[in-house]
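Chains as they are written, first to last, in our numbering: chain C, 245 to 713; chain Z, 111 to 408.
Hints listed in this document are in silico derivations from the structure and should not be mistaken for laboratory results. Among the clues, some could well be false.
[Stated by the list, open to error] To be clear about the criterion: a stretch of chain C counts as covered by chain Z if any three or more of its residues have a C-beta under 8 Å from a C-beta of chain Z, and this derived list gives those stretches:
no.	stretch
1	252–265
2	368–381
3	400–408
[Stated by the list, open to error] Beyond 12 Å from chain Z on every Cβ pair, some chain C residues (computed):
no.	residue
4	Glu321
5	Gln462
6	Ala507
7	Glu529
8	Asn571
Idealized CB from N, CA, C, for every residue including glycine.
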Amino acid sequence: MASRIIINPVTRISGFMEIQALIEDGKVIDAITEGLLFRGFEKMLLGRKPFDAVYFTQRICGICSTAHSMASTLALEAAMGVVPSEQGRYLRDIIHGCEFLQNHLRHFYQYTVPDYVRLPEGYPLFAADHEDFRLPKEKNDIIASHYFDSLDLSRQAHEMLAVLGGKAPHNHGVFIGGITTQATTDKIIKLKSILSIITNFIEDRMVPDVFTIAEYYQDYYQNGRGCGNLLSYGCFNGYKDLGTLYVDPLVQTDGSVQVFDPAGIVEETQFAWYSGGESGYMPFEIMTEENTAKPEAYSWIKAPRYNGLPYEVGPLARQWLSGEYRNGISTMDRTIARVLEAKKIAGVMHTLLKNLIPDVSVQSIYEVPQVAEGAGLIDTTRGALGHWIKINDGAIAFYQIITPSAWNFSTRTNGLKGSAEQALIGTRIGNLNSPVELGRIVRSFDPCVSCATHVYAEGRHLKTIKVMS
Amino acid sequence: MNKDTAVCPEYAARLSSAGDLIRKASNEIQRKNLEKKNLVWLELTGCSGNIISMLNGANPDLKYLITQMVNMKYSNSLMAAEGEAAMEQLMNIGMEDYILAVEGAVSTKENGIYNIIGRWKGEPLTALKAVKLLGEKAAHVIALGACATHGGVSAAMPNPADCVGVQAVLDKKVIKLPGCPCHPDWFTGTLAHILLYGEPELDQKDRPLLFYSTLIHDRCPRRAFFDKGIFATKLGENTCMFKLGCRGPVTRVDCPIRKWNDYVNWPIQDDTPCIGCAQFGFPDRMEPFISYNTTREG
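Kindly produce the complete structure, drawing on both the sequences and the hints.
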């Protein structure tokens, strides 16, 4: 007999998620992940002024708002035929880099560490619901103290972001042409100063901490593999003078790495609560309609595919494709890759800051085209993010968003399960009453349900069965 | 007198008001004159950006908040427990005295099933049901961020999930801290006031006067440019953003003197217009956010 485990809420993620796993002989034999939030941004954007997309779409996500300002700006630049200057790109990418640092610091210490490290007693927020804490007390308490230090460091990463971006979350800096303001010398030195503090923390604390955790949780190198296919749209790449500082648009399929081709992206909705596009559509083709009456559907996350296959996106995909880290693909490798990426990004930002020319204005008076379309594809904190815009009569006539978490937490298609679903299946559960493995695997992808979901309606939930085999 | 230097006499007091309140509340708690109250933080239909903004608080920061000011009992973004254990922590609060902080709008479509925040005794718990249940018994309800105060971006036309603000589903007074997101000081300052003296003085729309009394335009460092008719023609200029669509003239909040993220910057200092994110009606009534000459465009 199989038993079903339901975890809801999956805490320490952005947004709301439920995990359902079917367990037989102590192993996950099937699993689904569901997003539990609907807002409908694409519909809201119709009829609005195109420039407003940059500020409006940031409200999709509170922890990765800059990602959406980047993708919407790139889509608008493509539609308008605007090519930003190199200084404009450096400035914009520095803001984006600040978000990587903020996100990775928060995700590792504030979202991931509580899974593996016992936090101080006496605080309801830190009350643990399992006993699988393996670190010796001394090592445990050092990382717990870094949890509190990380609050300062992640806050400072957002302070850096605000130096050029005005405020965070939901910055005002990223815009067509680069950024809105100018990098004066006082700002540049402030950024360098904060960056050096954060760099030291990453090198002296964060990197050793993740390897300490890995040492005591070696079994997490063996679970959470997922589909094994990796994809990146590229980021911090293709600068005229600096070349590629991080990763180019690449995919790895069945072990072989190739150049990414945007024409390969198709989104499917066969098992999602939408009408239209069941058998697949290109991002510019259609906007789907909600349909809660679809019998075969079980989730509201769509299913982006590349040449028909599911892909993992995010720090591990980027670290792997850029050749920075190739130890393996697993829960622990994913967690380590995120930490190592923080170090990498800090280095990239250092290079960009060094190449800034102070006081350069990159703004012009921009005209909204009457009819145009453009795509903005870029790798962001959680992975590959795409915005596709069509403008008609000077207003937004079509908007499509495919988020990193939609790639990682996609529904199944033609028998092919989504990346995170595949990562859950096959996992050995140590204690059925305390299935801590499932949350750890899901969190290693850094899910952002705020980004990934458009609709939730109650699916055909089976009652929880607790029958031991 | 030059209007540029004619600052409000409360200027200095307002700058330090939130910090003073927080220090005083903490001192009183340490002297055992004041009881540490419970705080429940609900994330509903939104971007979960207000908890991130709260984490950006400098004085106090999260550590100070949870060790010196309140017992934080629930936060989807931060709590160690998950699943049933997390829900038990939330639902057992009903027996105790607590302050409820809510971010995100309340999705009302099809009885709230567009936003499920957890599963309680096997049944999905909608945001709608959770906020009604917990809001009713809370000693104080604080709605923070535009979505919670009036629907915000979650309720933007055509409002696909039928989102409303927290007040629309509760019969009691909801203290409103609009902003997208809410500034950490607006929240912790309000919280400290509640701990020390009870509810702060509110305006007719239930916003604390401490933070929301004065128009951005009236304290804008670029006001002199407005008065002299010197207007920016594009983003990135250091004059008045009025003709680019700045909403400072209709937005009541203290951004010009408080600033954001360790008090380092704010949108107008970033050479962009205010988009009115702390004003009721954001976003629909504050758009377009960017225009290149509002006096020319219809």
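Comparing the hints with the structure gives:
1. 252–265: The restraint on the stretch 252–265 of chain C holds, since 10 of its residues have a Cβ under 8 Å from chain Z and three suffice.
2. 368–381: As far as the stretch 368–381 of chain C goes, the hint holds, because 6 residues have Cβ atoms under 8 Å from chain Z.
3. 400–408: Coverage by chain Z holds here, the residue count being 7 at a Cβ distance below 8 Å.
4. Glu321: 14 Å, holds
5. Gln462: 23 Å, holds
6. Ala507: 30 Å, holds
7. Glu529: Per Cβ check, Glu529/C is outside 12 Å of chain Z; nearest 21 Å; holds.
8. Asn571: 28 Å, holds
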